[in-house]
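Taken in sequence, the protein lines are chains D and S. Counting with this note's numbering, you get residues 1139 to 1569 for the letters of the first sequence. Counting with this note's numbering, you get residues 1139 to 1569 for the letters of the second sequence.
Just so you know, these hints were derived from the structure itself, not from any lab. Possibly wrong hints are sitting among the right ones.
[To be verified] For the chain S half of the interface with chain D, some residues (derived, Cβ under 8 Å), not all of them: (1) Pro1165; (2) Leu1166; (3) Leu1170; (4) Ala1214; (5) Val1246; (6) Arg1287; (7) Pro1306; (8) Gly1316; (9) Arg1508; (10) Val1511; (11) Gln1512; (12) Leu1517; (13) Leu1555; (14) Tyr1560; (15) Leu1564; (16) Leu1568.
[Claimed, not checked] Straight-line Cα separation of at most 35 Å, DSBU-like style, residue types lysine-lysine; simulated pairs: (17) S:Lys1457 / D:Lys1567; (18) D:Lys1326 / S:Lys1567; (19) D:Lys1567 / D:Lys1326; (20) D:Lys1182 / D:Lys1326; (21) D:Lys1393 / D:Lys1457; (22) S:Lys1457 / S:Lys1182; (23) D:Lys1326 / D:Lys1457; (24) S:Lys1418 / S:Lys1393; (25) D:Lys1567 / S:Lys1567.
[What the hints assert, rightly or not] Listing some non-contacts, in silico: residues in chain D with all C-beta distances to chain S over 10 Å: (26) Val1202; (27) Thr1310; (28) Val1511.
Glycine is no exception: its CB is placed at the ideal position from the N, C-alpha and C atoms.
Number of protein chains: 2
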Amino acid sequence: MRSITPSFTPTGIPTTFYNLFADAGLPLDPPLDPATREPIRPEKLGALFPQGVLEQEMSTAAHVPIPEPVLEAYAAYRPTPLRRATRFEQALQTRCALYYKYEGASPVGSHKLNTALAQAYLNAREGVTRLATETGAGQWGTALAYASRRFGLSCSVYMVRSSYAQKPGRRTLMELFGAEVTPSPSDKTEAGRRTLAESSEHPGSLGVAISEAVEHAVTHPGTKYALGSVLNHVLLHQTVIGQEAQRQLEELGVKADAVVGCHGGGSNLSGLAFPFLRLKLDGQALQIVAAEPASCPTLTRGEYRYDFGDTAGLTPMVKMYTLGAAFVPDPIHAGGLRYHGAAPMVSKLLERGLIEARAYAQTSTFEVARQFVQTEGILPAPESAHAIAAAAELAREADAQGRRRVILFNLSGHGLLDLGAYEAFLRGKLE
Amino acid sequence: MRSITPSFTPTGIPTTFYNLFADAGLPLDPPLDPATREPIRPEKLGALFPQGVLEQEMSTAAHVPIPEPVLEAYAAYRPTPLRRATRFEQALQTRCALYYKYEGASPVGSHKLNTALAQAYLNAREGVTRLATETGAGQWGTALAYASRRFGLSCSVYMVRSSYAQKPGRRTLMELFGAEVTPSPSDKTEAGRRTLAESSEHPGSLGVAISEAVEHAVTHPGTKYALGSVLNHVLLHQTVIGQEAQRQLEELGVKADAVVGCHGGGSNLSGLAFPFLRLKLDGQALQIVAAEPASCPTLTRGEYRYDFGDTAGLTPMVKMYTLGAAFVPDPIHAGGLRYHGAAPMVSKLLERGLIEARAYAQTSTFEVARQFVQTEGILPAPESAHAIAAAAELAREADAQGRRRVILFNLSGHGLLDLGAYEAFLRGKLE
Chain D
1139 MRSITPSFTP TGIPTTFYNL FADAGLPLDP PLDPATREPI RPEKLGALFP
1189 QGVLEQEMST AAHVPIPEPV LEAYAAYRPT PLRRATRFEQ ALQTRCALYY
1239 KYEGASPVGS HKLNTALAQA YLNAREGVTR LATETGAGQW GTALAYASRR
1289 FGLSCSVYMV RSSYAQKPGR RTLMELFGAE VTPSPSDKTE AGRRTLAESS
1339 EHPGSLGVAI SEAVEHAVTH PGTKYALGSV LNHVLLHQTV IGQEAQRQLE
1389 ELGVKADAVV GCHGGGSNLS GLAFPFLRLK LDGQALQIVA AEPASCPTLT
1439 RGEYRYDFGD TAGLTPMVKM YTLGAAFVPD PIHAGGLRYH GAAPMVSKLL
1489 ERGLIEARAY AQTSTFEVAR QFVQTEGILP APESAHAIAA AAELAREADA
1539 QGRRRVILFN LSGHGLLDLG AYEAFLRGKL E
Chain S
1139 MRSITPSFTP TGIPTTFYNL FADAGLPLDP PLDPATREPI RPEKLGALFP
1189 QGVLEQEMST AAHVPIPEPV LEAYAAYRPT PLRRATRFEQ ALQTRCALYY
1239 KYEGASPVGS HKLNTALAQA YLNAREGVTR LATETGAGQW GTALAYASRR
1289 FGLSCSVYMV RSSYAQKPGR RTLMELFGAE VTPSPSDKTE AGRRTLAESS
1339 EHPGSLGVAI SEAVEHAVTH PGTKYALGSV LNHVLLHQTV IGQEAQRQLE
1389 ELGVKADAVV GCHGGGSNLS GLAFPFLRLK LDGQALQIVA AEPASCPTLT
1439 RGEYRYDFGD TAGLTPMVKM YTLGAAFVPD PIHAGGLRYH GAAPMVSKLL
1489 ERGLIEARAY AQTSTFEVAR QFVQTEGILP APESAHAIAA AAELAREADA
1539 QGRRRVILFN LSGHGLLDLG AYEAFLRGKL E
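Please model the entire structure based on the sequences and the hints provided.
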C-alpha cells in the first residue's frame, strides 16, 4: 500500500489536508440558497464563515497546506497512536487482524479537535471574535471550546438538551475552557423559542441546535458559525487521521482490506477513509464501511435528495442522504450520531457504491464496547463503539469465509465522559 | 545529567525497577508485628502478599528486573509523554521552564497502573485467584481492576464512601472491568461493621478501607491483598516514571533543578523522584518537593513514629510521618491524598532533609488546575493539581530571585472522572 501524502513533519504529522474529490475529479452538487433554491452565492455564505474557511470548502487543490499555527497545535497530540487490538482479537476468536487509530488521545478526547483547531485559527486570522456552534454529545463543543481559547476567541455552544442532561461533565469541561453553554432548544433564539412553543419537553436534536447557533452567529457582530461535521472543509481537516494511519500501516508493512468509521455527520469516517479511497479508486480492493445507529439510520434508510442541514431551514440546502430535517432521533447515548443528514461527500460516495453503510442497535454497541475495554483497556465513546461493532462483524464474516483480513477502524473518542450511559447499560436500563 | 538506568527497551521503557534505598545504602526501620511490636516475621506477611511481592518489598538489589509479561503490558502506554508546559509558563509569566511527565496517558488515566500490573502479575504467577484492595478517589481501584482482568484474577474493591458518592463514574469503570465494588465502611467486614456502629454516617477513609480489604484477604482462601501506595514494592514499581523522565530530559539536553510530585501515600512522588535522588546523593543540586493537601498535612504537620497503616490496626506497624491511624480527613475531592500516613521511604528521606514538603488549600489547587487545562488542554486530577500548584510556586519563587530554573513535575493523572468536583469549583461550592 502506498501513501497518498506528499509530506510529513519529522514527527509524522501530515503537512497538508487531503482533498479526495478534487484529487479524484469527483463531482459535487452545489449547495442551494434556502430562499431561491438556486446555487448559493459565496457572499451569502460569508455571513456564516470567514473567507479562509470558504476557500477550503470550495478548494480544487488536491493537497491543501496546513497553516503553521495549526500544525503547532496538532503537535501537542499528533500523530495519534495506531494500535493492533491483539487482545480484543483474542476475545473475538478471530483470525483477522484489527487495527485502530486512536483519536481519543487528543486533549479533548476525540477527533473533533483536528477541525476545531483549523477552524478557530482561520476565524481568528480574519478578526472574528466569537464562534457559535451546536454540540450533541459534547465532543465537538469541547473541542471548539478548547480551540477557541487557544486562538483567543470567545465561544457559545448550544448543546442538545438530552445530552446536556446525560453528560453534565461535558458542560463543565466546556465551561472550564471558558465557553458559554446553553441547552437547546433555548429561549435565546427565535428558532429555539419556536421549537419550545411546539413542545416544551423537546429533547433537542442537532438539527435544532444548528438552527440556534446559525441564528446566534448572524445576529451577533464579530461572530461566525462553526460546524463540527458534514461540510467539505470539516472532512478535509479530518484527513490528517487517514494520512497518518496509511503511513503507520506502511511502517508496519501492513495493508488494510477494510476501513471502518462510525457515522453521524461523516467527518471521522471521511477523515480516516478518504486517503484510502484514493487507492480504491486506483483499483485496490478495499471495503469502506460507515457504521450508524439503527435509531437514526440516515445512510441505510434515508433518501438521497436536497435537504436542509438544520430544522428551522436557516442553512443552505445540500444534496445528501437524509431522514428529513424535521426528524427527531431517539435520545440514544451516542449523541454525536443523532443527525438527520450526512455529509454531501459521504452521500455521493455511498450513492456510487464506493462505500457501504450498516446500522447497529444501541445495546449491541455497548456490549462490544465492554468487550473492548476489558481487553484493550480503553473505554470507547458510545459513537465510536459503532465502529468497533462493525469491525467485529466484518471479522466474523471473514472468519466464516475462511479469510484472514486486515480491518482498520477509527476509535474516534474515549467514553470517560459517558460513564452514565455505561452505568445504565450495566444496570440493564438501556433501551 | 546522567541517567541511573542500566537498560531500556527499544521503545524507551526501562527494563528494571530502581531500588534507591538498596543502591544508596540508606537504612530502613523494620515493620513491626501489630501483636508483639517486634519486627514482623516474613511468613506472617505471606498471609497478605505472595512471595514475589515480598521479595521485592525486601529486595537489596539496586536494579530489579521487570518481568516480561509486565513489560508487555507496559508497552500499551509506556513510555508516557514528557512535555514542556510552554503555554502554562506563559500564563504564569515565569522565566522558568516547566516540564511534566504525563502519567494520565495510561489506559486507566493515572500512574497507578504501573504497580497494579506488576502486582497482578506477581500474584497470578503464584496461583492467587482474587485480589482485595481499597481505593480513595478510585484511581488505584480502577488500575487494579484492569490489571486483574488482564492477568485473569477477580478483584474486590472497597471504595471510600465519600468518593463512592462523588465519583460514580469510577465505580462504573471498575465494574466494566469486572471488579466488585463496595462502599466503605461496609457491613461485609468486622472492621467495617465496627466503624459503622460508631458512626452510621461515617464518610470513610483510606485507613478504614484498608482494614476492610486486609480482613477480606485474610478471611477468603485464594485471595491476597494489594496496596496502591506506601509500601516499598509499590514505590519500586513506580520508578519506571522517573527513569523514563531522566532519559527524556537527557534527549532534550535539559537538566532538572527541581522535581515535584503530589503526596498521598508517596508512590507517584517517589516514582518520579527516586532516580533523581540518586544524583542528588551524588552531589548534584536538586530540590525535591512533596505537595500535600492542607486538610491532610501528613508530612508538614505529622509526627515521625511507628503507626498502623489502617484504622483497625490490622496492618503491620511502620515508621512513618503520621497524623494518627484514627485521623479522618475532610472529604476533599483529592481523595487519593486523604491518608493519615506516608511511605516509610518518603518519611525517611524527609527526616534526613533530602526532600521537602509543602501543603496547599483545596481551592488554590483547583485554581491552578483551571489555568493548566486552559493552557495545556489536559484536565488534571485534583490530586495531581497539588503538584502543579507546587511547581507554580517554585517558579514564582525563582522569578523573585531572578533565577531561571527547570522544574519537573508529575502529572500523575487526568481529572475527566472528577468533573463533579470541577463543577462544584466553578459554582463556588468548594470548601
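Each hint tested on the structure:
Because the beta carbon of Pro1165 of chain S sits about 39 Å from the nearest beta carbon in chain D, more than 8 Å, this interface hint is broken. For the restraint placing Leu1166 of chain S at the interface with chain D, the shortest Cβ-Cβ distance is roughly 34 Å, beyond the 8 Å limit, so the hint is violated. Nearest Cβ of chain D to the Cβ of Leu1170 of chain S: about 38 Å, over the 8 Å cut. The hint is violated. Restraint check, Ala1214 of chain S versus chain D: the minimum CB separation of about 7 Å is within 8 Å; hint holds.
Because the smallest distance between the Cβ of Val1246 of chain S and any Cβ of chain D comes to about 7 Å, under 8 Å, the interface hint for this residue holds. The restraint placing Arg1287 of chain S at the interface with chain D holds, with a minimum CB-CB distance near 6 Å, inside the 8 Å limit. The beta carbon of Pro1306 of chain S is positioned within 8 Å of a beta carbon in chain D (closest approach about 7 Å), and the interface hint is therefore held. Using the Cβ-Cβ criterion of 8 Å, the hint placing Gly1316 of chain S at the interface with chain D is satisfied: the shortest such distance is roughly 7 Å.
The interface hint given for Arg1508 of chain S is met, as the beta carbon of that residue sits about 6 Å from the closest beta carbon of chain D, less than 8 Å. Taking 8 Å as the C-beta cut-off, the interface hint given for Val1511 of chain S holds, the closest approach to chain D being about 5 Å. Here the hint on Gln1512 of chain S is kept, as its CB sits about 6 Å from the closest CB of chain D, short of 8 Å. The interface hint given for Leu1517 of chain S is met, as the beta carbon of that residue sits about 7 Å from the closest beta carbon of chain D, less than 8 Å.
Residue-level restraint check for Leu1555 of chain S holds (minimum Cβ-Cβ distance to chain D is 6 Å; threshold 8 Å). With a cut of 8 Å, the hint placing Tyr1560 of chain S at the interface with chain D holds, because the nearest CB-to-CB distance is about 5 Å. Annotation: interface hint on Leu1564 of chain S holds; nearest CB of chain D at approximately 6 Å, less than 8 Å. With its C-beta approaching chain D no nearer than about 13 Å, Leu1568 of chain S sits outside the 8 Å limit, and its interface hint is violated.
With a C-alpha separation of about 49 Å, the suggested pair Lys1457 of chain S and Lys1567 of chain D falls outside the 35 Å cut-off, and the hint is violated. Taken as a hint, the Lys1326 of chain D and Lys1567 of chain S pair is honoured in the structure, with Cα atoms around 27 Å apart against an allowance of 35 Å. In summary, the hint linking Lys1567 of chain D to Lys1326 of chain D is supported, as the alpha carbons are separated by about 34 Å, within the 35 Å threshold. Simply put, Lys1182 of chain D and Lys1326 of chain D have alpha-carbon atoms about 24 Å apart, close enough for the 35 Å limit, and the pair holds.
Simply put, Lys1393 of chain D and Lys1457 of chain D have alpha-carbon atoms about 33 Å apart, close enough for the 35 Å limit, and the pair holds. With a C-alpha separation of about 18 Å, the suggested pairing of Lys1457 of chain S with Lys1182 of chain S holds against the 35 Å cut-off. Distance restraint check for Lys1326 of chain D and Lys1457 of chain D: the Cα-Cα separation of roughly 30 Å lies within the 35 Å cut-off, and the hinted pair is therefore satisfied. Restraint check for Lys1418 of chain S and Lys1393 of chain S: satisfied, since their Cα atoms lie roughly 12 Å apart, inside the 35 Å limit.
This hinted pair checks out: Lys1567 of chain D and Lys1567 of chain S have alpha carbons roughly 31 Å apart, not beyond 35 Å. No beta-carbon of chain S is positioned within 10 Å of the beta-carbon of Val1202 of chain D; the least distance is around 25 Å. Here Thr1310 of chain D does not stay apart from chain S, with its beta-carbon only about 4 Å from theirs, under the 10 Å limit. The non-interface label for Val1511 of chain D is inconsistent with chain S: the shortest C-beta to C-beta separation is roughly 5 Å, within 10 Å.
The structure is inconsistent with the numbered hints 1, 2, 3, 16, 17, 27 and 28, although it conforms to all the rest.
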